[in-house]
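S.K.: Each chain is listed here by its residues.
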Amino acid sequence: MNDTSGPGRQIHLAAHFPGVNNTTVWADPRSGSQIDFSSFVHLARTAERGLFDFFFLAEGLRLREHNGRIHDLDVVGRPESLTVLSALAAVTERLGLAATVNATFNEPYELARRLASLDHLSGGRAAWNVVTSSDAFTGENFRRGGYLDRADRYTRAAEFVATARELWDSWTPGGTPRPFAHHGEHFGIEGHFGVAPAPQGHPVVIQAGDSDEGREFAASAADIIFTRHGTLEAGCAFYADVKRRLAAHGRAPEDLKIMPGVTFVLGDTAAEAQERAAEIRRQQVSPQTALLTLEQIWGVDLSGYDPDGPLPDIDPDPGSERSQGRVRHADPLAVAAKWRALSEEKGLSIRQTVIETTGRQSFIGTPEAVAAEMAAFVREDAADGFILVPHLTPGGLDDFVDRVVPLLQERGVFRTAYTGRTLRDHLGLRHPGEER
Amino acid sequence: MAPSTGPLHLAAAVDGTGSYAAPYYVELARLAERGTLDFITLDDSFGPPGEGPGRPDALAVLARVAPATERIGLVPTVTTTHTEPFHVSCAVATLDWVSRGRAGWTVGVSATEAEARLVGRRPAAPAAELWAEAGEVADVVARLWDSWEDDAEIRDIATGRFIDRDRLHYVDFEGGHFRVRGPSIVPRPPQGHPVVAVDATDPVTRDTAARHADVAFVRATTPDAAGRIRDELRLRAGESGRDPGALTVLAAVTVDLSDGEYAAGPGSARGPLTAVDDRPPLYRGGPVDLADLIAGWHTAGAVDGFHITPAAPPGDLERFVNGTVALLQHRGLFRTFYPGTTLREHLGRPRPANRYALAREGAR
Chain A
1 MNDTSGPGRQ
11 IHLAAHFPGV
21 NNTTVWADPR
31 SGSQIDFSSF
41 VHLARTAERG
51 LFDFFFLAEG
61 LRLREHNGRI
71 HDLDVVGRPE
81 SLTVLSALAA
91 VTERLGLAAT
101 VNATFNEPYE
111 LARRLASLDH
121 LSGGRAAWNV
131 VTSSDAFTGE
141 NFRRGGYLDR
151 ADRYTRAAEF
161 VATARELWDS
171 WTPGGTPRPF
181 AHHGEHFGIE
191 GHFGVAPAPQ
201 GHPVVIQAGD
211 SDEGREFAAS
221 AADIIFTRHG
231 TLEAGCAFYA
241 DVKRRLAAHG
251 RAPEDLKIMP
261 GVTFVLGDTA
271 AEAQERAAEI
281 RRQQVSPQTA
291 LLTLEQIWGV
301 DLSGYDPDGP
311 LPDIDPDPGS
321 ERSQGRVRHA
331 DPLAVAAKWR
341 ALSEEKGLSI
351 RQTVIETTGR
361 QSFIGTPEAV
371 AAEMAAFVRE
381 DAADGFILVP
391 HLTPGGLDDF
401 VDRVVPLLQE
411 RGVFRTAYTG
421 RTLRDHLGLR
431 HPGEER
Chain B
437 MAPSTGPLHL
447 AAAVDGTGSY
457 AAPYYVELAR
467 LAERGTLDFI
477 TLDDSFGPPG
487 EGPGRPDALA
497 VLARVAPATE
507 RIGLVPTVTT
517 THTEPFHVSC
527 AVATLDWVSR
537 GRAGWTVGVS
547 ATEAEARLVG
557 RRPAAPAAEL
567 WAEAGEVADV
577 VARLWDSWED
587 DAEIRDIATG
597 RFIDRDRLHY
607 VDFEGGHFRV
617 RGPSIVPRPP
627 QGHPVVAVDA
637 TDPVTRDTAA
647 RHADVAFVRA
657 TTPDAAGRIR
667 DELRLRAGES
677 GRDPGALTVL
687 AAVTVDLSDG
697 EYAAGPGSAR
707 GPLTAVDDRP
717 PLYRGGPVDL
727 ADLIAGWHTA
737 GAVDGFHITP
747 AAPPGDLERF
757 VNGTVALLQH
767 RGLFRTFYPG
777 TTLREHLGRP
787 RPANRYALAR
797 EGAR
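Chains as they are written, first to last, in this note's numbering: chain A, 1 to 436; chain B, 437 to 800.
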């Protein structure tokens, strides 16, 4: 289906800043500041040294809570994405700069203006990861407040993106603002857009989420889909499904890149890599984190349990609202049953069970093995590339860039120099208005 | 009029008449930094600045300038009418992080119906209402900066805790137009509170300036007129429980130094400054006379310093730095190097205590 398939199929790479995230290890002696600009500079420059397509920042607009108190076991706190990326534009030259920005708690005019500004200031390197939320919990920090129906989230996001593009397109090719007017279900706005057309025309749009609605939204409007990583088979099925949806929107398969978020652990030998991976998992799942992970499923106070002891014999309370600002488990009773069975079968403690059942690293092995496996995922149409999520700030990408990137280059599946200036160039995406 | 005893403060606008290229702003910022100015400002508005080439987001531009400069303060205009106070707080705090303590913001409002239609959520409102709301925004923005105590991040391996959540605080702000729960997503910025500036020329802004501003800009053509506004601001700051001396008042002047060293301006018969509608008064003349004017107003205690807008950047900023500033330095009236690293240090303002930490300590 894709004329670039074959042994030389090119991989796209991005780096996710390891921030507010339960895979980020903060207790390691090498773990640096999560907020100092120097950490962002180090990671961005490392990604650019590795000729990555882009650097990615996540967002959270309300600190997460558990039992009505601020969650304190993971990294907390981060800078505001678009401002950090504007600053990073000064210390990088080619690297794409992707900000996650919520479509529920922003307005199209203001955000379109900020994104176009970043695109100007970076010479055409801006990207926007469109996310939506529906919770009144986050809404408590905002004027607009509250709640969107789940179903309205994607219609609002789709209309938001379409409206932003109307604004970006509203100037004449000669550089004169023309009036725009948008009157839709979610937005009724009109006037003149205050920013001249930016180098990319439209900043690159990323959509994160694997649901049916998310896939359809990505197929209609996004340039990249940031998805979950799984098996090769699952990746191929997802890839085929999403690419198949594009034609209905008048788009070609290469117009949407599929990039799963992945973690990785390198070692000189396969055994050493496995050992490291296990050690990182122990760092990621502290005894306190293990109990809290269980409480999120059980929905009851488990603080009296020993993390090194067996799983609780009481059943979860499915109606609990103990955790706020997180994705919920769809069926806590089923998860609990599965975890109990695993714990009994292998004789695992609470902490060991959590380590075993959550977030094993995506790629573990020697640099050669990791390079081969990544190339295979792309060659077999399970992905167009990867968004790497290191576990350490700021040095978590160093080894990958030093040891894996050269091997990908040797295989002929990754660029040896940037050939273009803009993020659209790196991704092989057309600029708006450009013929296919 | 109380005589000014403090050191002279100087700032410059780097407004870019339609420029989108980062190097343009970097060049102006470095020029201002070479003159050891306290800070640069970049104006902004929510909607387009009238017909013409538009402009990029000011806070983004100065974030782009931050890593390319070392010491100079960075003060963009940020509007409060159609924006989210939570986002404003996080963006200014982040500008402070990326500049390592050099951020401020000039509080702006959006008064036009045209701007209201760009958002479509509420109609245009009278200036008095917008400035009252802007005061609330400035208030909650600073509360959100304080919502993290400086030592909230503990990384305690024994208990598995990254933060001490007792040192994070809900702000639970309720204003006339909005509520904000908090805490911020951004840890307390390096300066504690980035600097807050207000153009206090219009009387409708003065209550907000007196309550919340660290720096006030005033447009006046005579030192007496400037001094009267300064006295009023300081009086009102005192009435609202602040230290009146904590407010740095700068005279705003547009400078056109293109006519040569000593040429007198067209308004020289009535004084060196010509009033201009909706813009700072115009100084047209030589850099030496401008230095005399600045020194005269400052020595008379009319203002704490000047905020200049170059009529034609970069030429007028270059002439200001190389001529006027150099002369003021030579006369010992202006710093020749930056003794501090943060904007608050340039302004001689201490890093503020955290209101929530004080309350928590007090409750012990």
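It should be emphasised that the hints constitute simulated quantities derived from the structure, not laboratory data. Some hints could be false.
Said to hold, decoys possible - Restraint ranges, calculated between C-beta atoms of paired labels, are given here: (1) A:GLY175 / B:PRO680: 46 to 56 Å; (2) A:ALA136 / B:THR595: 57 to 67 Å; (3) B:ASP600 / A:ILE314: 25 to 35 Å; (4) B:GLN765 / A:GLN409: 50 to 60 Å; (5) B:THR548 / A:ASP135: 25 to 35 Å; (6) B:ALA799 / A:GLN274: 43 to 53 Å; (7) A:ARG282 / B:ASP587: 48 to 58 Å; (8) B:ASP587 / A:ILE314: 30 to 40 Å; (9) A:ALA252 / B:THR548: 24 to 34 Å; (10) B:ALA748 / A:ASP135: 46 to 56 Å; (11) A:ASP135 / B:GLU675: 17 to 27 Å; (12) B:ARG787 / A:ALA27: 54 to 64 Å; (13) B:GLY611 / A:ALA181: 24 to 34 Å; (14) B:GLY611 / A:THR176: 37 to 47 Å.
Cβ coordinates follow ideal geometry from the N, Cα and C atoms, glycine included.
S.K.: Can you name, in rising order, the numbers of the hints this structure does not satisfy?
M.R.: 2, 7, 9, 11, 12
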